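2 protein chains.
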Amino acid sequence: MDETMTEAAKGLPAELLRLRASINNIDAAVIYMLSERFKITKEVGRLKAAHALPPADLEREKEQIARLRRLAAEAELDPDFAEKFLAFVIKEVIHHHINAASTTR
Amino acid sequence: MDETMTEAAKGLPAELLRLRASINNIDAAVIYMLSERFKITKEVGRLKAAHALPPADLEREKEQIARLRRLAAEAELDPDFAEKFLAFVIKEVIHHHINAASTTR
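The listed protein sequences derive, respectively, from chains H and Z. First residue of the first sequence? That's 189 in the numbering used here, and the numbers climb one at a time after it. First residue of the second sequence? That's 189 in the numbering used here, and the numbers climb one at a time after it.
Just chain H, with the same shape it has in the complex:
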């Protein structure tokens, strides 16, 4: 990759370049998975609009938060970060749902 050559030219430690390559791979995987997640939540949005269900479901969110905090602890990830991450994603989802509802109704 030309990015790596640019960085190597800056004289960064080789170990840092290796770690950054792994970060790049993980980021690509996460981006592709989030894309699938939004495809599914768009489908959820259509379904909710069709059944006149509200975009947000606080009980479902509470279950998701508890589950992700538990998974985060198992994965040695800060549960607070996992909760913030879910809030970040749900914020975007609610935004999609509101748009879907307004175009469906």
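Honestly, the hints are just simulated from the structure, not real lab data. Do not take every clue at face value.
As the list claims (entries may be wrong) - Just a few of them, taken from the derived set where beta-carbon distance is under 7 Å, the chain H residues facing chain Z:
1) Asn213
2) Ala263
3) Ile282
Claimed, not checked - Below, computed lysine-lysine pairings styled on DSSO-like, alpha-carbon distance capped at 27 Å:
4) Lys250/Z x Lys279/H
5) Lys250/H x Lys227/H
6) Lys227/H x Lys230/Z
7) Lys272/Z x Lys279/H
8) Lys227/Z x Lys250/Z
9) Lys227/H x Lys272/Z
10) Lys230/H x Lys230/Z
11) Lys230/Z x Lys250/Z
12) Lys279/Z x Lys250/H
13) Lys272/H x Lys230/Z
14) Lys272/Z x Lys250/H
15) Lys272/H x Lys272/Z
16) Lys279/H x Lys227/H
17) Lys250/Z x Lys272/Z
18) Lys227/Z x Lys272/H
19) Lys227/Z x Lys279/Z
20) Lys230/Z x Lys279/Z
21) Lys250/H x Lys250/Z
22) Lys227/Z x Lys230/H
Every value quoted in this text rests on a predicted model; they were computed, and no experiment measured them. Don't be surprised by glycine CBs; every beta carbon is placed ideally from N, CA and C.
Got chain H sorted already, so can you dock chain Z onto it with the hints?
For chain Z alone, kept in the frame of chain H given last:
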């Protein structure tokens, strides 16, 4: 899962429960990947502190943003969301790096 039974009891469409189960799987995968990502960035933080490199690297971030926007477009994900996602994760990473630097020096 008892969560699913609770939701089924609420009379939600079966299709919604199936979609939510897929969202749960994707979220678990992303949480586990983000945990690995933070393990790597903590290693990056230690390396940067050892080499007296600054926690933030704006040129690297610019490259990451451009790359993730391109990957997002390929994955049919909103590139703006991908950029916001990276900013969200990097904010947490910088926080870790600053902590690492203060405990190393």
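Verification of the hints:
1. Asn213: violated (10 Å)
2. Ala263: Hint on Ala263/H: holds, closest Cβ of chain Z at ~4 Å, below 7 Å.
3. Ile282: violated (13 Å)
4. Lys250/Z x Lys279/H: holds (25 Å)
5. Lys250/H x Lys227/H: Satisfied, since the Cα-Cα distance of roughly 22 Å is no more than 27 Å.
6. Lys227/H x Lys230/Z: At roughly 32 Å apart (the allowed maximum being 27 Å), Lys230/Z and Lys227/H break the hint.
7. Lys272/Z x Lys279/H: holds (12 Å)
8. Lys227/Z x Lys250/Z: holds (22 Å)
9. Lys227/H x Lys272/Z: holds (18 Å)
10. Lys230/H x Lys230/Z: The given pair, whose Cα atoms are some 35 Å apart, is violated under the 27 Å limit.
11. Lys230/Z x Lys250/Z: holds (20 Å)
12. Lys279/Z x Lys250/H: holds (25 Å)
13. Lys272/H x Lys230/Z: holds (19 Å)
14. Lys272/Z x Lys250/H: Distance of about 24 Å is within 27 Å: holds.
15. Lys272/H x Lys272/Z: Distance ~14 Å between Lys272/H and Lys272/Z Cα, so the pair holds.
16. Lys279/H x Lys227/H: Given that 27 Å is the threshold and the Cα spacing comes to 15 Å, the pair holds.
17. Lys250/Z x Lys272/Z: The given pair, whose Cα atoms are some 13 Å apart, holds under the 27 Å limit.
18. Lys227/Z x Lys272/H: It holds: about 18 Å lies between the C-alpha atoms, which stays within 27 Å.
19. Lys227/Z x Lys279/Z: holds (15 Å)
20. Lys230/Z x Lys279/Z: holds (13 Å)
21. Lys250/H x Lys250/Z: violated (36 Å)
22. Lys227/Z x Lys230/H: violated (32 Å)
Of the numbered hints stated above, those contradicted by the structure are hints 1, 3, 6, 10, 21, 22, listed in ascending order.
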